[in-house]
Amino acid sequence: MKTTTKSCCDAAYGMKAFFRMLDEDPVKILLFGGACPSVTDPIAKTSKFFHLIQLSYADTFTATTANFFRIVPSEGSFNPVGTIYQNLPRYSLPHSKLLTDLDNAEIEIVASQSIADELKPEMYLQDLKAKDVRIIVGI
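For the sequence shown, position 101 (counting from the first letter as 1) is numbered 101 according to the numbering used here, and the numbering increases by one without interruption.
Since the hints were derived computationally from the structure, they do not count as laboratory data. Mixed in with the good hints there might be a few duds.
[As the list claims (entries may be wrong)] EDC-like mimics (lysine to aspartate or glutamate), calculated; alpha carbons at most 16 Å apart, straight line: (1) K28 with E122; (2) K131 with E108; (3) K16 with D41; (4) K48 with E122.
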């Protein structure tokens, strides 16, 4: 189940929506979204206390929290790349095709992680971060 909330780039409204979302089922393990630094920054700083990973599709600020990951590439190189996918047949085949396409495009693949259901996803992301992966492609 997905929970969607618009913050209207207002930090107070965004934080209120964040805490309301945490209070609802199901249990959240990942936050996706946030294009406004005025909202993304305080949520990233707070979400670490709830052991939540946060992905931002558009924000380019340099967060100092270990749980924040930008999806938008930084200005400059598009390497190194890491991939992450759920360990199920329906994801394995597209992942293999992606690896082939990246290799054909001469894009360096530093790490490839398959997620097992019983482990925490932040462990995999921390491993990719430790390998200095700059772009993470998820399937």
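Now the hints, each set against the structure:
no. : hint           : result
1   : K28 with E122  : 13 Å, holds
2   : K131 with E108 : 12 Å, holds
3   : K16 with D41   : 14 Å, holds
4   : K48 with E122  : 11 Å, holds
Consistency with the previously given hints is maintained throughout, with no hint failing.
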